[in-house]
Structures are given as structure tokens and as C-alpha cells.
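Peer 1: Each chain, letter by letter, is given below.
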Amino acid sequence: MEAKKYSLFDFVYKYGTVAVIAIVILLFSLTNPYFFTYANITDILRSISIVTFVAVGVTFSLIVGGFDLSVGSTVSLTTVVSASMMVWYEQGAVATLAVPIVLAVLVGLINALLVVKIRIPDLLATLAMLYIVNGVHMTYSKGYSIYANMPMEDGTTAPGKFQEWFLWLGQGEILSVPVPVLLTFLLVAVTHIYLTYTRQGRMLYMTGGNVEAARLSGIPVNRYRTLAYVLSALFAGLGGMLLAARIGTGQVSSGGSMLMDAVAAAFVGFSVFGAGKPNVFGTFVGAILIGVLLNGMTMLNLPYYAYDIIKGIVLALALAVTYYQLRRKRA
Amino acid sequence: MTTLQMNGIMKQFSGVPALRSVDFEVKAGEVHALLGANGAGKSTLMKILTGAYVADGGSIVIDGREAAIQSPQDAKALGIQCVYQEVDTALIPYLSVAENILLDRQIQAKGLISWRRLYEEAEAILARFGFSIPVKKQVEACTLSEKQLILIARATVQQARFIIFDEPTAPLSNTETERLFQIIEQCKQAGLGIIYISHRLPEIFQICDRITVMRDGQRISTKETADTTMDEVIAAMLGKTFSEEFPKTQVPIGETILEVKNARGGKVRRADLHVREGEIVGVVGLVGAGKTELARLLFGADEWEDGKLIVNGRALRLRTPKEAVQAGIVLVPEERRKEGIFVEESVARNLSVATLAKWSPRGFVKQRLESEQAEKIVRKLGVKTAGIRQPVGHLSGGNQQKVAIGKWLDTDARIFMFDEPTKGVDIGAKSDIYRLIGSLAAEKKGILYFSCEFPEVLGIADRILVMFEGQIVKELSREEATQESIMYYASGGE
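Order-wise, the sequence lines are chains A and B. Counting along the first sequence from 1, when you hit position 274 you're at 274 in the UniProt record's numbering, and nothing is skipped either side. Counting along the second sequence from 1, when you hit position 346 you're at 346 in the UniProt record's numbering, and nothing is skipped either side.
Just so you know, the hints here were simulated from the structure itself, not pulled from any lab data. All C-beta atoms in this analysis are idealised placements derived from N, C-alpha and C, irrespective of residue type, glycine included. The reader is advised that the hints may include incorrect statements.
As the list claims (entries may be wrong) - What follows is a set of in silico ranges between Cβ atoms, one per label pair, in the way DEER data are often shown:
| id | chain 1 | residue 1 | chain 2 | residue 2 | range |
| --- | --- | --- | --- | --- | --- |
| 1 | B | 54 | A | 10 | 34 to 40 Å |
| 2 | A | 323 | B | 323 | 35 to 41 Å |
| 3 | A | 324 | B | 138 | 35 to 41 Å |
| 4 | A | 324 | B | 428 | 35 to 41 Å |
Said to hold, decoys possible - Not the full set, but computed from the structure, chain B residues with beta-carbon under 10 Å of chain A:
| id | residue |
| --- | --- |
| 5 | 301 |
| 6 | 322 |
| 7 | 324 |
| 8 | 338 |
| 9 | 340 |
| 10 | 344 |
| 11 | 349 |
Using the sequences provided together with the hints, build the complete structure.
Peer 2: Right, here's the structure in full:
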């Protein structure tokens, strides 16, 4: 009896998340014929592309045993900065791409300084950065969203507009696959290969697995932790730029809700295929799960303010499975 | 007169006897020393007395009446208090000195706290002993010796009849030690029975009335201090020579490869040493003498305050273990699971962690190279595992230790440091580890072997350095070293 019970749990642990996605898709498909169509599926993928960027960043910070709460603010920051480069300053591709990226990397470096060098606990340090970066982006945009022809302070209208190539990143299609979806696939593939097959990826996991043993094995753990925070901020920053491209505005405070979704996706990812540790592929599956749920609930005309209840329950279940398994392993 | 007697106390841990019918007695108004080498059973005996463990057999009798001690509460109710060596485990750092001293009363208190009374009482208690610690100070901000004094004060408020002092002088300065001895004298005059545990023989002979020596879970002797000598006590602690065989291979000794001058940092107060090619240097001392700290210092894991490190004739400043590894110094740390291995990772990944650059040309890990290396080391060290993809956490202690050692074998290390490498390792794996260390010496590596197991070091080392309180106090050649001479210097003899 005992053995059978455990093997059932093992099945749930390994394939539970994937099974839940399959069941949810099945249910929604049965209730709404439009759900399982190509148009809707690409819609779902497009809607999760930005969260996936942010969640992959969070995954990096989790891998080294850290946590990055500032990613949502970083999204907001690069959204308005990239928009302002085009709309306010009429800059070309170089500045529009480079300035927000540099800023995002800077946020990552400051996080690393606080956590790795000054040794503030990660949650607290990045909480402080959440406020600071959010404040910076509000101050910079003066609280206004940035769009073409917006009124400026001196009474004139903004000189520039969103450029075609930039909008294409968020709205275009290649062979009827949305560009942001392709970018997401690319990101997941590259980071997955990096983490699974390269020496640096291995070292990131070793650092997170046992930081003292890693240090005493001659791994420069502080350098890897710094790298993780920089990548976390960088991917969040890229997500923010993609967001500006998709909606065609530099929406103010747009990243706030990203943080929780990204964290949820990354933690759901722990349980995908029984990984038991943060991994990019699992994170992607987690993001898909959240996207599918949101999309389906919208179609069912559930009140949007109830969505968080469902998201929270999914997260709690995934965490319960993961931590129950960890406890069993240790016992 | 109050007397506490422990009769025929027995205790087993998963079938292994830790105490075999031990008798022990302490009377009111006496200071009774409890002595023994590491693992002799003193702590187990004291934990039974304080209710942390329950004995498997035997009885505890106070004033002729049998006392059933099943829990720490029972022990406290009987007036048995302990001043633990790890003071931080017994104090609450966020609370004030006064709150910590009167902790038990506060736990039982009903209604509101009268802060004024609390502080006054605590002050009165401290004044009784002549301690001067501000009672409103946070314990977190107290020095180690102040914390110790707080614990002593706390023990006395709770109507103690018997107090156990476990290595109380270790963190104290000379004047503080003198002060503590006066306090112990006061307690003694007040009619308390005191059990005094210490590794420092001179102070035991200074303050104790009787001395009981334990070894291998048995009581060896109990004598009036006046009727015995340090040599006699040392002989009783060590017993007859051990019969275990250590395969010492003779290796020609070459050039000096590591030299350390006046190293200082953290607990290490002064260390001078050198290691030559093919030489096994044992660094011995009792628990807490600073061996682990010295090993970590030489590995760049802790910060140097002063001193010089010369590797192959080149002076180096080590700031991180990475730099030590690059300089050819490696460490197999004492806390295996916390510092030596990655329990959730596979054997192969554990073995490749220090050499992964070799197995990953252009940054990508070549699984084949990594596996070949892992297979090779597993074979060489005789690691018993179901396969190299097995998580290391599933292996036995001895095999985990082999993995912790194995990760360094393919590096260019010339100096291998081992910190208590046989701790928690079964006898078979033990001799494998000795053989491996011998073969490293034969490959002209220099070995530093840190241990508190004297017989092991006597068996394996060419030269022995004895540590006491953060300093290397004596160097002994293989020929002149005996367990007695090591114990003598390791307990502060001069």
C-alpha cells in the first residue's frame, strides 16, 4: 500500500503541473470553442511573453539562492525610458535600445552591491531597490505615460513618435507567429542551454546549492551572485522594453503587477518534471499555466478581481508539492 | 549534607554504547572536576543529568531519594543548572541583560511586567558576585565573557543546588578567569555542589577538590586532587596504547613548499609552520584549540590580520579560497555536509566542481570528459556508489568524505590540508583515507593533517604541531611524540 501511495505522489510531483495545464486547456476548450484555436493560443503566448522575460530573470536570482524583488520596477523604468528616447528625444535605434539596457544593468549592479558586498539580506535589499527604481521612473516620467503627440510641459506636443521597427518587436509577426513569442522562445532556449550545458551555468547552480561548499571549492561565488543579479535586472529590462513595444506607449507603473506573476511562474517551475530547483524551462511552463488560466477565466467572464485568488491557489499548490517533496528527500 | 549520586548510568546511541555503567558523585560544597578526552562520555553524562537525554539504565539519587529526570524541567526543579560552553544557545540576544538573567521567572510570570523591579533584582544579583554589567544592555552587544557571567548569574537565581560548568574559562581573559574562580569559591562556600568540566589541567588542579576521569564511556578513577598528579590524570585519560594499525609509508622528504610565519586572524593568535614535499605534518589540539580556524586561514577562507604565507618560495596574500586553490593549496573541511559537498548534486558533479574548466572547452561542459574523470576517481578511491549520477547525499559518511577529497585530486594542488577527515567515518573508509593520504605524500605533495584524535596523528604524521588556545605551542618529532606529551602541551602545560 505504502509504495503505491508514494508512486502516485511521485507522479503528481513530476507531471502535476503539466497535467494541470492539460486539464485546464481541456476544460476551457470544452466550454468555449474559440479557446483552442491558433489565434487564441498565439494570443496566450503573446500575453505571457513579457512575464516570461521577467520570470527568467527571477529564476537566475533564485538559482544562486537569492531573490530579486526589484524586477517589476525595472520593467516600469525601461518601459518609460525606451519610450521617452523615441518620443521626447527623437533618438534612433542605438539610444532607444542601449540607454534602457544600461540602466537595467546598473540596477542589477546596485542590487549586487547591496546583497553581495554589503550583505543586506536579498529580500530587504531588493525591496529597497523596488522603491528606489519605482521612484526614479515616476520622477523621470513625472507620473505621465509617454505616447506620441503627448503634451509637453512647455505647452508644445512631443516631437517624436514610436518607430516602426520598435513596434514590430512587440506587435509584428513572422510567418504568422508573433515576434514577441519568437523572442520568448529564443530567450528560453538560450538561457536553458546556458544553464544546463555551460560551465558558468553549472557554477551558478553550485553556488546556490551550497554557497559555503562552493566557496571552499574555489568557486568565485560573489562574482556568480553578482552575475545573477545583473542578468535578473537585464531580463526584466528587456521585458519592459518589449512591453513598450507591444502597447505602443510608455505606460507608467506598468511593471508593478509583473513581479508577483514572475515570482509565481518561477516557483511553479520548481515542480515541473520534478526538477525541485529553479529552472528556466519550468519557469516557462509556469508562465504558460498562468497565461492559460487568465485567458480562460476572461473567456468565462469571471470577474477580473477574482483572478488573484486562482493565481494564489495555483502557486500555493505548486509550492506545497515542491516543499513536501524536499522534506521527503531530506527525511 | 546534600549529595548527588549517579549510579550505574548507561546510555546507547543506535546500539553503540556511549556510557557503560558510570558512577559519579558530587557533594554540596565541593568542586568536582570531570575529565576525559573527546568522546569519553562526559557530555553525555552531563546531558543525562540536565535532562537533555534520558538514561537507558542506572539511577540518580539526591539525598538518598531517587530522582527521576526525564526532561530539562525536571532537572531545573531539582536545582540542577548548567552553564553551557556555547553561551549563545542559552541566551536571547534581543533581550536585555536583566531579562536574560530572570528569564525563567519571566516565563512563569503572570500579568504585567514591572520593569523597575526587574532591573533592580537583576542588579542585586549581579552585585552579589561583584559583576559590573549594565542590566539594560542588550545581550547581543555583550562580550563573550559578559554572556558567560550572565549565565552564571541566571543559574544561581533559580535556587540551584548543583551547577555544571562546561569549559567556562575558554572565552575568558586571565583576570576574568580569576574572577570566575572567586565566584566558584563563593558558590562553594554557599553550599552548592559544582561539577567542573575543562581541558585545562592547571586550573583544575588549582580549584577542584576531587577529580574524576572518564574514558570510552567508563569511569576510570575518582581521586582527591591532593592525592594525584597531572601525569597520573593524563595517563588515566589516555589509557593503554591503542591497538589500531595505521599504514604509515615512509617517503623521502624534499624541499619546503609551504611556509607560514606568525599567522594571525580570528581565533588564531600565532602560528609558524612549514611543510616539505612528501611530508605529513599533524596539527593536533583539543576541541576549540583553533585547528579548524588555522586551516581556514591557510586556505584563504578567513581573513588574515597579520603574518606571511610563502608557497614555493613566493610570498602570497590569500583573500579567497579561489586564490589558495590557484596557489596549489586545497582543504578538505571538517563540516563535510555543510562545507565539503553538495548533497543534492550527483557524485560526478561534486567531483568535477574544482576542475570543471578542464572538462569544458569553450565554456560548454563535455559530459564525456566529466564522466570519465568521475569514474576514474570513484575507482581510485573506492567510493561505494550506485553510479556517478547518484546524489552524494545518498552515500555513507565515509564515501561522502572520499568525494570531498576526490574533487581535489585532478587539480594541480601541492599542499593538501585535511581537517578531521575521519570524523564520522567507518573503520573501512578510515583506512582507505589513510592510504590515500599516504599515496599523496608519495607523489611529493605536502600534507597538513588537523585532528584531535591523537593516536591517529601519531600513526600518520612525520612531525606534530600542538595547538593550544589559538597558538602552535610545541613541535614534536615523530620519535619524541607520545600521547602523554601531546596531551600535556594540548592542555596548556609548559
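Peer 1: The structure should be examined with respect to each hint, and the outcome stated for every one.
Peer 2: Do the hints match the structure? See the list:
| no. | hint | in the structure |
| --- | --- | --- |
| 1 | B/54 - A/10: 34 to 40 Å | holds (38 Å) |
| 2 | A/323 - B/323: 35 to 41 Å | holds (38 Å) |
| 3 | A/324 - B/138: 35 to 41 Å | holds (39 Å) |
| 4 | A/324 - B/428: 35 to 41 Å | holds (36 Å) |
| 5 | 301 | holds (6 Å) |
| 6 | 322 | holds (5 Å) |
| 7 | 324 | holds (7 Å) |
| 8 | 338 | holds (6 Å) |
| 9 | 340 | holds (6 Å) |
| 10 | 344 | holds (6 Å) |
| 11 | 349 | holds (7 Å) |
The structure shown violates none of the earlier numbered hints.
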